[in-house]
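Given next are the chains, with one letter for each unit.
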Amino acid sequence: MSPPDDPHTWLNEHGDYLYRYAMSRLHNDELAQDMLQETLLAGWKGYARFAGQSSIRTWLVGILKHKIIDYIRHEIRGRNLTEAVESDPTSAFFNANGGWSESPDAWKENPEDLYSNEQFQKVLESCIDKLPEKQKIVFRMRDIVGEDTPTVCKCCDITSTHLHVLLHRARLSLRKCLNTHWFEKGTHS
Amino acid sequence: MKQACHYASRLASDSLDRPLSLWERLRLKLHLSMCSNCRNCDNNLKLMRQINTLIRKNHYGQLRLSEQQRQQLHKALDQHDNAIH
Numbered sequence: 001m002s003p004p005d006d007p008h009t010w011l012n013e014h015g016d017y018l019y020r021y022a023m024s025r026l027h028n029d030e031l032a033q034d035m036l037q038e039t040l041l042a043g044w045k046g047y048a049r050f051a052g053q054s055s056i057r058t059w060l061v062g063i064l065k066h067k068i069i070d071y072i073r074h075e076i077r078g079r080n081l082t083e084a085v086e087s088d089p090t091s092a093f094f095n096a097n098g099g100w101s102e103s104p105d106a107w108k109e110n111p112e113d114l115y116s117n118e119q120f121q122k123v124l125e126s127c128i129d130k131l132p133e134k135q136k137i138v139f140r141m142r143d144i145v146g147e148d149t150p151t152v153c154k155c156c157d158i159t160s161t162h163l164h165v166l167l168h169r170a171r172l173s174l175r176k177c178l179n180t181h182w183f184e185k186g187t188h189s
Numbered sequence: 190m191k192q193a194c195h196y197a198s199r200l201a202s203d204s205l206d207r208p209l210s211l212w213e214r215l216r217l218k219l220h221l222s223m224c225s226n227c228r229n230c231d232n233n234l235k236l237m238r239q240i241n242t243l244i245r246k247n248h249y250g251q252l253r254l255s256e257q258q259r260q261q262l263h264k265a266l267d268q269h270d271n272a273i274h
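Heads up: the sequence lines are chains A and B, in that order.
One point on numbering: in my numbering, the residue at position 124 of the first sequence is 124, and numbering is uninterrupted.
One point on numbering: in my numbering, the residue at position 8 of the second sequence is 197, and numbering is uninterrupted.
Calculated from the structure, these hints are not laboratory results.
All C-beta atoms in this analysis are idealised placements derived from N, C-alpha and C, irrespective of residue type, glycine included.
Do not take every clue at face value.
Using C-beta positions, here's what the derived DEER-type ranges look like [what the hints assert, rightly or not]:
#, chain 1, residue 1, chain 2, residue 2, range
1, A, E109, B, D267, 48 to 54 Å
2, B, G250, A, S103, 34 to 40 Å
3, A, E109, B, G250, 18 to 24 Å
For reference, chain B alone in the conformation it holds in the complex (with noise of 0.2 Å):
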């Protein structure tokens, strides 16, 4: 199985957007099985979706409208009615 590792890394990835076929994932399984580079590679790949996760998570979490911001919406929206009416 030449390009093996390289195959691996791929389908690692690919894990992370799309379900792998069942070849696929027993081809990763086995693979992986016998190779702690790949292995290393996989949970490497794992942690760094985990550590993106977060910084969404907590970073735009937080996130609201400023007061400032709010009026300018308001008057914006009041500025759009009178104009159909």
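Okay, chain A solo, but in the shape it has when bound (with noise of 0.2 Å):
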């Protein structure tokens, strides 16, 4: 059987795939959709170039990350997001001693009821939505969309060390206002 080696039917077979790809990341059915094409067209044109070490899906899956990367950094670029990395908010949540100032709460609550429920997700929603505007960035690539470190610090032009950071200041400020938003408030079945 022979490869098969054209864009119609990397379509058929991968689309859908790309298609999920390029929206978990880009929230975006219409961008999406331009990225996807894109990268057929470029996988067509570079055809020569694929020695069949890897998978179809794979080599294309390749050509499409390069692409959403160039644009995701292009995008914070634009925007000019800094942050400062002297003055540390995580400090807000512990006293002068290095406790904490106010002490986190066991959360009884299991993955799956959480996931499920409608409400908590609107909560956890807008308390990620309250992050600044580089941490939730960083969030949602590395801990929604499950991006691995070197994408993300390439995506945004930062080290791996800044990223530890602005990932630490997001979590702590989410675990807080999940605990005030949700856990604090007791049950909810």
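Reassemble the complex: the two chains are provided individually, in unrelated frames, and hints are given to aid placement.
In structure tokens form, the structure reads like this:
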């Protein structure tokens, strides 16, 4: 059997997969479709360079991934987001001795129940929305999209240390917000 | 050990993104064994991560191209084909 080597076949066989990949990162229908189209065309143009060490799908995802990174990187640069590394907002959660200024509660509910609870999803979304812009971007990419560290760093033009600082800030703020608006309020059943 | 809980929260967060060094692992483990506040925080962060993973798998796992999008894409590929031949 000859390998499927035209973009129509690729679209039929891998279109949904590539579309999901693009949508989870771009959250925009039209944009995801454009990226998919560009990827198929770029793949077709560069097909001679596809040596077949990987599957067609893996190869196409690689092309799409680069296109998305370029796009996001450009977007983020254009917005000129800055966040000082020097002043540490997480200090607010701790007292002068480095202990918690407010004790974190034990959260009793399990992830599946929380996930399927629409009210909780709303609270989670609004808590994420309150994060400072740069933290929000890295948090979404890393924890919701599940992008690896080097990719997030590349998209945002930051070092891995800076990324860890931002994620620490985002997660502690989010933890506090969920605690206040959900877990502290007791049972929701 | 000043700033102990603050530092432990950073290690707990970092452990979701990178392998901790042996020294960091020991330090975090020792601190968590003595501090219920930080144990709660560590578990909270892990729970948040689990929920986010569920969102990713369930929400985006279902997405498909619509028939209309598929047709548009096929058409765009055809146009490109005609342009080079």
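Evaluated hints:
| no. | hint | in the structure |
| --- | --- | --- |
| 1 | E109/A / D267/B: 48 to 54 Å | 52 Å, holds |
| 2 | G250/B / S103/A: 34 to 40 Å | 37 Å, holds |
| 3 | E109/A / G250/B: 18 to 24 Å | 23 Å, holds |
Checked against the numbered hints given earlier, this structure breaks none of them.
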